[in-house]
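Novice: Sequence:
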Amino acid sequence: MNDDTIRLVTIGRILRRRWRLLAVLAVVGALVGFGTSVLVLPPRYTAEASVLLPGQWEARELLTQVDIATSSAVVDRAAATLGWQGVSGAELRDQVSAKADDGNIIKISGTADTPERAQRLSDQVAQQFVTFAARIAGGGTDPATATGTEALRKKVAETNRRITDLANAADPGRTVESVQARTELEGLRTGLQDAMKKLEEANPATTKASMVVMGPAPRPTGAAAPTRTQLIVAGALLFFLLAVVGHLAAARVSRRLRTEPEIAAALGSPFLGTVDVPGEQRGHRPESRGSRARLRRLLGIDTRWDIPAPQRSGDEAERRIRYRRVCARLRDQLPAPRRLLVVVPEGDEVARRAAGQLVAEATSDPLLRVVEVSVDRPIVPDRDTESGALAVLSAGSWTAGELAGIAEACADGGHEVVGVVVAGTVRTRPTRTADRPSDEATPALAVHGHATGDSA
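So the sequence shown is numbered by the working numbering: it starts at 1 and just counts up by one.
Among the hints, erroneous ones may be present.
Stated by the list, open to error - Cross-link-like lysine-lysine pairs, in silico, DSBU-like; alpha carbons within 35 Å at most:
(1) K197 to K155
(2) K107 to K197
(3) K197 to K99
(4) K197 to K154
To be verified - Pairwise CB distance ranges (calculated):
(5) L299 to R331: 41 to 51 Å
(6) T363 to E262: 25 to 35 Å
(7) A293 to E116: 52 to 62 Å
(8) R294 to R252: 25 to 35 Å
(9) L237 to E416: 52 to 62 Å
(10) T385 to E262: 29 to 39 Å
(11) R294 to T227: 36 to 46 Å
(12) G401 to P335: 24 to 34 Å
For the record, the hints were derived by calculation from the structure and aren't laboratory data. These numbers come from a predicted model, not from an experiment. Glycine included, each C-beta is placed from N, C-alpha and C at the ideal position.
Input sequences plus hints: build the corresponding full structure.
Specialist: Encoded structure:
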């Protein structure tokens, strides 16, 4: 199986076993997105007005007009005309944008908190842009420029009349000199007219017609991005992804031991075998009481997700064979009388049930006494008549440091850890009642209890 397959299987396991938690976190993310849309990013509306620039325009000239449309000179005039209380030109500049479109069209966008204000803003900026552009282009609004142009036209007309008078006063073709003079005067008249034509063509007020606002901006019917719906969906998706990534990161950095050789090495004792514990309904667990436990059960975090799903086992008779084999290995390993202290980590419900079944199958040979030891402050009762200690625990629940602490506590109590038994949950099948007599199913007497505060 490649790495990609493993990742997909892991993500699928998270979705199956943590779907309640993921759903709750997605709802929380949606609420955060809703709060953001109300407090941080309220709905905004954008209207767009179009301004037509007749004539031939180069790309760089269009970019210049775009900069003019969003300049402070234009926006400040629009803000003064609108007269919105508490809104300055500097604030409106952040709400106005422009771009050059195909066909020499400048599209001016205005954004506001209501559709009406957005429409008014874009219309007003477009009107102020046309007025300001006409002014800087010299479109008849500058008196000095208009006076100079008119004086130049009068001077040209006067010069044309003078040329006509000189041509009429010359000898009409009687001499070669008169013919040359009339030809030079006509050439001077033609050159003067060409120069005046080029001068007028060079004037931006005459080469390009006035800009035109192509009607009022359409009133927006929907909010601009990010909308409230987008923020809610984004918040839910973000929290969902963060939860999945958090599960993957926690599993990657987890130092809990999952394999039998690692567990045996951490305890420094031989591995005796694995035993199966039938899966138990959650409502029957002793630790399933209390508000915190009910909350964990409601969110589906009361079970481990990072371990494979329980495999289907055989019937009761097949499971008991595993326990008998462990007991047989203990008999072969220990001299008589065989008395052992069965150490179970506190909180390991699977191991506790496995230890109880192991006591039942041992039938006093060896004689087993079960104690639960806290992994935070492990304390094991002092050695009495026991020949050693047997560690029973489930895989994937404890780190190497925690197991080393239990091994040290056993050593302080004078117990040698003679073996390790790993317990795992399985899915059960119907029990075969004819394999063993019913009296053999009765558990043998065993002493179950917690480790006391006896010193080592």
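Novice: Starting from K197, check that the Cα of K154 is at most 35 Å away, please.
Specialist: holds (14 Å)
Novice: Decide if the proposed pair is consistent with the structure: K107 and K197, CA atoms, cutoff 35 Å inclusive.
Specialist: holds (34 Å)
Novice: Taking 41 to 51 Å as the hint, is the beta-carbon distance of L299 and R331 inside that range?
Specialist: holds (45 Å)
Novice: Tell me if the beta carbons of A293 and E116 are separated by a distance inside 52 to 62 Å.
Specialist: Since the Cβ atoms of A293 and E116 sit about 56 Å apart, the hinted range of 52 to 62 Å holds.
Novice: Honestly, do G401 and P335 meet the 24 to 34 Å range at C-beta?
Specialist: Check passed, 33 Å falls within 24 to 34 Å.
Novice: Regarding L237 and E416, is the given constraint of 52 to 62 Å on their beta-carbon distance met?
Specialist: holds (55 Å)
Novice: Is the gap between the beta carbons of R294 and R252 within 25 to 35 Å?
Specialist: About 30 Å separates the Cβ atoms of R294 and R252, which means 25 to 35 Å holds.
Novice: Does the alpha-carbon distance linking K197 and K155 stay inside the 35 Å limit?
Specialist: holds (14 Å)
Novice: Take the C-beta atom of T385 and the C-beta atom of E262, compute their distance, and say whether it sits inside 29 to 39 Å.
Specialist: holds (32 Å)
Novice: Taken at face value, is the distance from the CA of K99 to the CA of K197 at most 35 Å?
Specialist: Holds, at about 34 Å.
Novice: Measuring from beta carbon to beta carbon, are R294 and T227 in 36 to 46 Å?
Specialist: holds (38 Å)
Novice: State, for the Cβ atoms of T363 and E262, whether the hinted interval 25 to 35 Å holds or is violated.
Specialist: Holds - the Cβ-Cβ distance for T363 and E262, about 32 Å, lies within 25 to 35 Å.
Checked against the numbered hints given earlier, this structure breaks none of them.
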